[in-house]
Amino acid sequence: MISIDLQRRLRERRHASALKECLQILGSVGIDASAEDALPLLEVDRIWSRYLEELRARSLEALHYPGGEAVALNEHLRALAERLGDERVAWLALADSEPVGVDVPANKMLQSAMAFFVTKAGDLMLSTRDARSGICVESNHLGHGDEYELVEWGAFASAAPPGASP
Amino acid sequence: MLFGPAKYKSAALAIKSAVKGLGGKATTAADKELSQLAKRRLAKEKGEIPRSASPVAQGGSAKTGRWWEYDDVNGKRKIVVEHPDGSVHVGIPKPQSKHREGGPPKFYDYGGFGHIGK
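Line by line, the protein sequences are chains A and B. Take 13 as the starting number for the first sequence in our numbering and just add one per residue. Take 53 as the starting number for the second sequence in our numbering and just add one per residue.
Derived by calculation from the structure, the hints in this document are not laboratory data. For every residue, glycine included, the Cβ atom is placed at its ideal position computed from N, Cα and C. One or more of the hints may lead you astray.
List of simulated lysine to aspartate or glutamate pairs, EDC-like, C-alpha gap at most 16 Å [what the hints assert, rightly or not]:
| id | chain 1 | residue 1 | chain 2 | residue 2 |
| --- | --- | --- | --- | --- |
| 1 | A | K132 | B | D161 |
| 2 | B | K150 | A | E65 |
| 3 | B | K128 | A | E110 |
| 4 | B | K98 | B | D124 |
Computed beta-carbon distance windows for the label pairs [to be verified]:
| id | chain 1 | residue 1 | chain 2 | residue 2 | range |
| --- | --- | --- | --- | --- | --- |
| 5 | A | E99 | B | P102 | 43 to 51 Å |
| 6 | B | K170 | A | G79 | 12 to 20 Å |
| 7 | A | L22 | B | K115 | 36 to 44 Å |
| 8 | A | A47 | B | S106 | 35 to 43 Å |
Working from the sequences, and respecting the hints, build out all of it.
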């Protein structure tokens, strides 16, 4: 059995590695972010917990787009990007199952969402620090086929976008 | 020279032995169509889940499909999903997935294997 101190150090190491990967991803899509923009581990855990609670509570409000209709969703995200501008939000990402949080401009993340972040292997999750506002864009392979799912609340919420179904 | 059914039997044997000679077993239609159990076993293998591993949790319905959660060789959680159409997948369960509460299993694709066993 390993000590609590060792567990903490291992977690910090995993987190540092995951953060490095996430910063590389941001850099590769042209979004400037450095280690200074990373949220501290304790804050990441706190936001993740609240964000997931909010997201799970809103699962019935999710809007669904058939897999072949990414254009309508992309248009909606671009309009949202324009409305929010460069307001700073937390990008929540999982790298090798390790949660990471990075302070990023909302508009750039939303503009790049469908091209880079929303894939079968990853969701786009953005949140304010208190998780009272958030958005999650997913690509899922379900029993009936591929579909995109959108959940947004607080400052991210807007009129129902076209092409979606509850 | 052979005539009649014996000729065809001989030709079939020749093809079968040629295929074997190329280094593999003769492929039959039955081999191509894996059973659901075989697909799920293959999914475990692709997902780096020990063959002997028992599911940590399992569930599902005829509507959403069946699912089994396992811990892989690195202790990371994986999910094997069998959709109602018989397609089998392996992935990492999404933290927001409500499959344990009866919802459809949502997972991050692992390894890009798509429909396993097809």
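Here is what the structure says about each hint:
no. : hint                       : result
1   : A:K132 - B:D161            : holds, 6 Å
2   : B:K150 - A:E65             : holds, 12 Å
3   : B:K128 - A:E110            : holds, 11 Å
4   : B:K98 - B:D124             : holds, 10 Å
5   : A:E99 - B:P102: 43 to 51 Å : holds, 47 Å
6   : B:K170 - A:G79: 12 to 20 Å : holds, 18 Å
7   : A:L22 - B:K115: 36 to 44 Å : holds, 41 Å
8   : A:A47 - B:S106: 35 to 43 Å : holds, 41 Å
In summary, the structure agrees with every hint in the numbered list given earlier.
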